[in-house]
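Q: Start from the sequences and build out the full structure, keeping to the hints where you can.
If you want the numbering used here, it's the 1-based position in the sequence shown plus 158.
There could be a bad hint or two in this list.
Claimed, not checked - No farther apart than 16 Å at their CA atoms in a straight line, the calculated lysine to aspartate or glutamate pairs in the EDC-like style are these:
(1) K216 - E232
(2) K476 - E514
(3) K464 - E429
(4) K216 - E310
Claimed, not checked - Derived CB-CB ranges, DEER-like:
(5) H273 - S518: 40 to 46 Å
(6) S171 - T367: 25 to 31 Å
(7) G235 - L421: 29 to 35 Å
(8) G362 - V205: 19 to 25 Å
(9) A226 - G355: 45 to 51 Å
(10) P330 - A512: 49 to 55 Å
(11) K356 - H273: 38 to 44 Å
(12) S444 - R492: 14 to 20 Å
(13) A210 - Q313: 14 to 20 Å
Don't read these hints as lab results, they were simulated from the structure.
Note that beta-carbon positions come from the ideal geometry of N, C-alpha and C, so glycine has one too.
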Amino acid sequence: MTDFTVLPDHGLSWLEASGDHADIVLSTRVRLARNLQGHAFGPRARVNDREAVLKRFKDSAAQAPSLAGGTLIELPGVALRTRRILLERRLVTRDLLGDDETGPARGTAVHLSGHQPLTVMVNEEDHLRVQSLLSGLRIEEAWRLVDRLDEELGQEMPFAYHQEFGFLTSCPTNVGSGMRASVFMHLPGLVLTKEIGKVLQGLGQVGLTFRGLYGEGSEVVGNFFQVSNQTTLGKTEEDLVDHLDKVVRQVIQYELQARQVLLRDARGVTEDKIWRAYGLLRFARSLSFEELMNLLSGVRLGLSLKLLPGLRVYTLNKMMIFTQPAHLEEAAGRDLPPTESDAHRAAFVRRILAAEGEVSPDDAASDEGEPSDGS
Numbered sequence: 159m160t161d162f163t164v165l166p167d168h169g170l171s172w173l174e175a176s177g178d179h180a181d182i183v184l185s186t187r188v189r190l191a192r193n194l195q196g197h198a199f200g201p202r203a204r205v206n207d208r209e210a211v212l213k214r215f216k217d218s219a220a221q222a223p224s225l226a227g228g229t230l231i232e233l234p235g236v237a238l239r240t241r242r243i244l245l246e247r248r249l250v251t252r253d254l255l256g257d258d259e260t261g262p263a264r265g266t267a268v269h270l271s272g273h274q275p276l277t278v279m280v281n282e283e284d285h286l287r288v289q290s291l292l293s294g295l296r297i298e299e300a301w302r303l304v305d306r307l308d309e310e311l312g313q314e315m316p317f318a319y320h321q322e323f324g325f326l327t328s329c330p331t332n333v334g335s336g337m338r339a340s341v342f343m344h345l346p347g348l349v350l351t352k353e354i355g356k357v358l359q360g361l362g363q364v365g366l367t368f369r370g371l372y373g374e375g376s377e378v379v380g381n382f383f384q385v386s387n388q389t390t391l392g393k394t395e396e397d398l399v400d401h402l403d404k405v406v407r408q409v410i411q412y413e414l415q416a417r418q419v420l421l422r423d424a425r426g427v428t429e430d431k432i433w434r435a436y437g438l439l440r441f442a443r444s445l446s447f448e449e450l451m452n453l454l455s456g457v458r459l460g461l462s463l464k465l466l467p468g469l470r471v472y473t474l475n476k477m478m479i480f481t482q483p484a485h486l487e488e489a490a491g492r493d494l495p496p497t498e499s500d501a502h503r504a505a506f507v508r509r510i511l512a513a514e515g516e517v518s519p520d521d522a523a524s525d526e527g528e529p530s531d532g533s
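A: Written out as structure tokens, the structure reads:
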């Protein structure tokens, strides 16, 4: 399968800007690590282990209602650009694709559900990585989706489980529940008020951690952070979900307070930053992805504070995905060197913003109001 357009809803339902605090929380993801009894895990897995796991998964997926109408993508037969698009849409991980994007994929397949925001990666670090990805702050809902699919697959597949330690995984840090739940957040208020360090330090003290756009090993750009649990052993999935939800909601309150401080103590500077960001996006002829993300951060803040009317959160979410290199190349129908990619990115942004209609500071002045709470 090399035609990416056949995938149901293109795997982008998480961009719809629904759910609680959708202007601050872009998405919620819950992922379960599972391995099969009788087969070596991770780097120790031999070719016959990996082939057996894939065959067993295919048979089990056909019996799982949550995966009905889905699409199985076997990575050895997939074009490089399509693999990169899957990564840019956060449907797969770098571990599944391998360290060298131009070489053979490390994993063997990914299965996308036909009617649910569910993905199963086969032979990543673990035999199976079951994932749900939803828009906004919806941790419990995301957990329910993967839990149901986990039960469906578990009826057909013998998962490796230890009475004392729980589910067994390739990496010891995932042993127990095997669950990683994460929330993708936009926190410019805390960054601009220089409170972000205290908040991130506090996350570590309560068993959480943060990462960048693509998860572990990726950099934080544009004031976007992935906040997730670190502990999997000794706690139930329900406890982990409840803990993450409570902490994230507290971080959201800190962010909202920081935004109020910006409006109270530095409104002029904040408005200038927002409108400069919008102006550059509206008229720039060349944009790197990192520059785009930093500018989108300013525009997203302005939209949330109602200082920049006329735009939609969905538009900004869509812009963040479709301006990544593989998506630009897919639209252009050819490979793009970095300079051309930057030009295509700027042109795409100009078209999207023009379609939204002209926005001006005068519109903002006539639309004064309290900043949005994101709910």
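Q: Now tell me if each hint is right for this structure.
A: Structure-based check of all given hints:
Pair hint K216 plus E232 holds up; C-alpha atoms about 11 Å apart against a cutoff of 16 Å. Straight-line distance between C-alpha atoms of K476 and E514 comes to about 13 Å, which keeps the hinted pair within the 16 Å bound. As the CA atoms of K464 and E429 are separated by approximately 11 Å, the hinted pair is consistent with the 16 Å bound. Pair hint K216 plus E310 holds up; C-alpha atoms about 13 Å apart against a cutoff of 16 Å.
Roughly 42 Å separates the CB atoms of H273 and S518, a value that falls within the hinted 40 to 46 Å. The given range of 25 to 31 Å is respected by S171 and T367, whose C-beta atoms sit roughly 26 Å from each other. A hinted range of 29 to 35 Å for the beta carbons of G235 and L421 is inconsistent with their spacing of about 53 Å. Here the CB-CB span from G362 to V205 is close to 40 Å, at odds with the stated 19 to 25 Å.
Checked against the given bound of 45 to 51 Å, the beta carbons of A226 and G355, roughly 46 Å apart, stay inside it. A beta carbon spacing of about 52 Å between P330 and A512 agrees with the range 49 to 55 Å that was offered as a hint. Against the hinted window of 38 to 44 Å, the Cβ-Cβ separation of K356 and H273 comes to about 42 Å, which satisfies the hint. Hint check: S444 to R492, Cβ distance near 18 Å, so the stated range 14 to 20 Å holds.
Taken as a hint, the range 14 to 20 Å holds for the pair A210 and Q313, whose Cβ atoms sit roughly 18 Å apart.
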